[in-house]
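Enquirer: Start from chain E and add chain C according to the hints.
Going down the list, the sequences are from chains E and C.
Using full-length UniProt numbering, you'd call the opening residue of the first sequence number 1 and step up by one each time.
Using full-length UniProt numbering, you'd call the opening residue of the second sequence number 1 and step up by one each time.
Hints are computed from structural coordinates only; laboratory data are not their basis.
Wrong hints could be hidden among the right ones.
[What the hints assert, rightly or not] Here are the computed distance ranges between Cβ atoms for each label pair: (1) E/T374 x C/F361: 42 to 50 Å; (2) E/Q209 x C/K253: 54 to 62 Å; (3) E/E373 x C/I143: 50 to 58 Å; (4) C/G14 x E/Q94: 31 to 39 Å; (5) C/M9 x E/L65: 24 to 32 Å; (6) E/K36 x C/K367: 24 to 32 Å; (7) E/K36 x C/M9: 51 to 59 Å; (8) C/T97 x E/L359: 14 to 22 Å; (9) C/E373 x E/N263: 52 to 60 Å; (10) E/K36 x C/G335: 44 to 52 Å; (11) E/C162 x C/G14: 51 to 59 Å.
[As the list claims (entries may be wrong)] Under 7 Å between C-beta atoms, here's a sample of chain E residues computed to sit facing chain C: (12) F59; (13) I125; (14) G126; (15) T234; (16) G325; (17) V328; (18) T329; (19) Y333.
Note that this is a predicted model, so its numbers are computed, not measured.
Where is the CB? At the ideal position from N, CA and C, for every residue including glycine.
Protein chains: 2
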Amino acid sequence: MQTVSKKEMQLVQGGNVTTPQGFFAGGLHCGIRKTKLDLGWLYSVVPATTAGVYTTNVFQAAPLLVTQESISNNNKIQAILVNSGVANACTGEQGLTDAYEMRRVFAEEMNISELDAAIASTGLIGVPLPIDKIKAGISRIHIDENTDASKFEQAILTTDTCVKNAAVEFEVGGKKVTIGGAAKGSGMIHPNMATMLSFVTTDAAVKEQDLADALKDITNQSFNMITVDGDTSTNDMVLVMANGKANNETLTKESHDWPVFVNGLKKVCQILAKKIARDGEGATKLIEVQVNGAATDVAARAISKAIISSNLVKAAIYGADPNWGRIVTAIGYSGQQVNPNNVKVAIGSITVVDNGLPLSFDEEKAKDYLSNETINIYVDLKQGNTTATGWGCDLSYDYVKINASYRT
Amino acid sequence: MQTVSKKEMQLVQGGNVTTPQGFFAGGLHCGIRKTKLDLGWLYSVVPATTAGVYTTNVFQAAPLLVTQESISNNNKIQAILVNSGVANACTGEQGLTDAYEMRRVFAEEMNISELDAAIASTGLIGVPLPIDKIKAGISRIHIDENTDASKFEQAILTTDTCVKNAAVEFEVGGKKVTIGGAAKGSGMIHPNMATMLSFVTTDAAVKEQDLADALKDITNQSFNMITVDGDTSTNDMVLVMANGKANNETLTKESHDWPVFVNGLKKVCQILAKKIARDGEGATKLIEVQVNGAATDVAARAISKAIISSNLVKAAIYGADPNWGRIVTAIGYSGQQVNPNNVKVAIGSITVVDNGLPLSFDEEKAKDYLSNETINIYVDLKQGNTTATGWGCDLSYDYVKINASYRT
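Isolated chain E, as found in the complex:
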């Protein structure tokens, strides 16, 4: 028996979606994209209790509808297939037919029930899914010890510049449990789910409704707190699969170690969210905005989002300009009740505004700080005890370059 003396959560260096027991993943090139991998798959040796959250965009893409159908069947999924390059969004009846066909052929290849298969797509909107290429690709999937999670991580990317993964381990009820994850997302990233896909795996056994509740809550503290450009896409999805291979007693909200599990899940989701924000199109810096002293959770989150969403703040940080006036302005138009005469703003350790008034500070020191790759902005509203953190990135020439010529 594997004994774990430590109770503390640990990051697993190099960990990924297959770090938890009983998961395999891989990726291949099926020809949707020119040369990059474009078809990724994730497989659990047994059907896993699965929860999902989905885009709020009314133009929800076909694969999301199909995946929701699968999950709603019995809250179990055994395998996920993801293609990049084409989003299968705004593709009408044909898109839905293609999505069903993609699920059917994949399930057949994996030898599982159709309703135990999930699918996801990301890429161009309004282009028919190249279903024949995908079917040919599916026939080349082999699950064995040589499968490679890094290929899955690559196959789900679009304009991302790097793969995004994370894993943590900890102990619940005397059993070692691992949570791993992979994500993609670079443009169309904004609170309420964006062109963002995230797949989280765990070998913990978790009660289905409690897993769903935890995911929803954690999404609001991770994926829904990042922004790249304010655009919320048609294809966003976060899935978490819990296959129980850790042999722990099934976790529920009543479990003694429930907070430990939730903390681990939050950690993986936040790491992935930050990696997405940092890899925002054209980004050179990660911006982390912590709002403290808010009267309500809604206010803390809205103000954090207003700041990380401000083009003017983002451009100033790209230029290493400590232009706190733009931060204050964003707080002011967030739509939240704020007492201007209370507000404190710090850029890193440099307090630039207190009680609503500017403080004199060393501009050179501030510029130096803003040349770092991670920029922390702290706001204290002095109205209550609620806090929220959001993540974003700077706005660079390259953002414009990438998005002025995405299709050409």
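Expert: Below, chain C alone, put in the same frame as chain E:
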């Protein structure tokens, strides 16, 4: 007696805030900015019925508080002083003291009551108002036939690249009436008033409450329907002064020609709003988004704003890329009830989506169209009869350049 046979509203070529009878305007350099004009004034020969709308930002700058006090006295203003370079926002008690002093000295120089004077400021936030320079500047104001409205237009600018003016004339109750306007605004421009100042003059006599109601309504169809970057500033203000020098019977909502007057006021405000959008920081194109067939006014406006606010749409138009997927995506996350299967989208005369599905179109023709300086996007939701139009600009390298180094 001046007789006007035409009833139709006419644009006055080269018209400005002094085109209506009884208004004078000028500008000078008082030393806040390096060399550009930075102090503008506008004067009516008699106190004018005045209405205003102001920023919704909770960090409302000191000059707005002082101006609101003046207007609320008896709804009359005779003269307005505007400085650029420093916004007098986030300047606390001292800022308010400076704003009162600015009004007091200006009123004294113009030989009018303090409560008949309004002030406005635009520029850097959090910097003390250089009140001594402004006072010295005020002492150099001379109202005579040599005053020059173009100097007023220049003195109120910040990062704008051009002056913004408009004038129309028409007939009400047999009298010729003129409406003129000047505006500034380039960054921090977003619905709900931005770093945007607009001053409208008319020689019509108008009942004060009806003028205020008309301005509020028209602002929602003009200045509140433009966006450059989504940021709403601390200093936004629109004032309209009606001095009655046209000798018309005082216009009220009940007047036969009330719609004619409202139409004229709307025209001036929309021309100014479009000029602001076109001169957005780094903009190379004006984007006009018309949403038709909406179920409600709120929906039409929200969807128009979502599209003109989308960085991805703006960058695509900069790159002349007919990426309609981004337009559809923006419609989808606007927060409005939309039936995806109804939606029609046209870029100029090229319908790219209908009934929620992409149509094949000539990409080269679309790219050609998107190389124009004015881009029209039409959306038909096929849900009702409501329409709204919004204006914005493309997102260019220069936007980033300007805003990465505004203060340095």
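Enquirer: Against each hint, give a clear statement of whether it holds in the structure.
Expert: Quick rundown of the hints versus the structure:
Separated by about 44 Å at the C-beta atoms, E/T374 and C/F361 satisfy the suggested range of 42 to 50 Å. Evaluation of the 54 to 62 Å hint for E/Q209 and C/K253 yields a pass: the beta carbon distance comes to about 58 Å. As the Cβ distance of E/E373 to C/I143 is approximately 56 Å, the hint placing it in 50 to 58 Å holds. Here the CB-CB span from C/G14 to E/Q94 is close to 56 Å, at odds with the stated 31 to 39 Å.
Taking the beta carbon of each, C/M9 and E/L65 are about 51 Å apart, not inside 24 to 32 Å as hinted. Our hint of 24 to 32 Å for E/K36 and C/K367 holds, since their Cβ atoms are close to 26 Å apart. The hinted window of 51 to 59 Å between E/K36 and C/M9 holds, with their beta carbons roughly 58 Å apart. The hinted window of 14 to 22 Å between C/T97 and E/L359 holds, with their beta carbons roughly 19 Å apart.
Remark: the range hint 52 to 60 Å for C/E373 to E/N263 is upheld by a beta-carbon distance near 54 Å. At about 34 Å, the CB distance of E/K36 to C/G335 disagrees with the hint of 44 to 52 Å. Judged by the Cβ atoms, the range 51 to 59 Å given for E/C162 and C/G14 holds: they are separated by roughly 56 Å. Residue-level restraint check for E/F59 holds (minimum Cβ-Cβ distance to chain C is 4 Å; threshold 7 Å).
Here the hint on E/I125 is kept, as its CB sits about 3 Å from the closest CB of chain C, short of 7 Å. Given the 7 Å rule on beta carbons, the hint for E/G126 holds: about 4 Å separates it from the nearest Cβ of chain C. Interface restraint check for E/T234: the shortest CB-CB distance to chain C comes to about 6 Å, inside 7 Å, so the restraint holds. Hint status for E/G325: holds, given a least beta-carbon distance of 3 Å to chain C, under 7 Å.
For E/V328, the shortest C-beta to C-beta distance to chain C is roughly 6 Å, which falls under 7 Å, so the interface hint holds. Interface restraint check for E/T329: the shortest CB-CB distance to chain C comes to about 6 Å, inside 7 Å, so the restraint holds. Taking 7 Å as the C-beta cut-off, the interface hint given for E/Y333 holds, the closest approach to chain C being about 4 Å.
Consistency note: the structure conflicts with the earlier hints numbered 4, 5 and 10.
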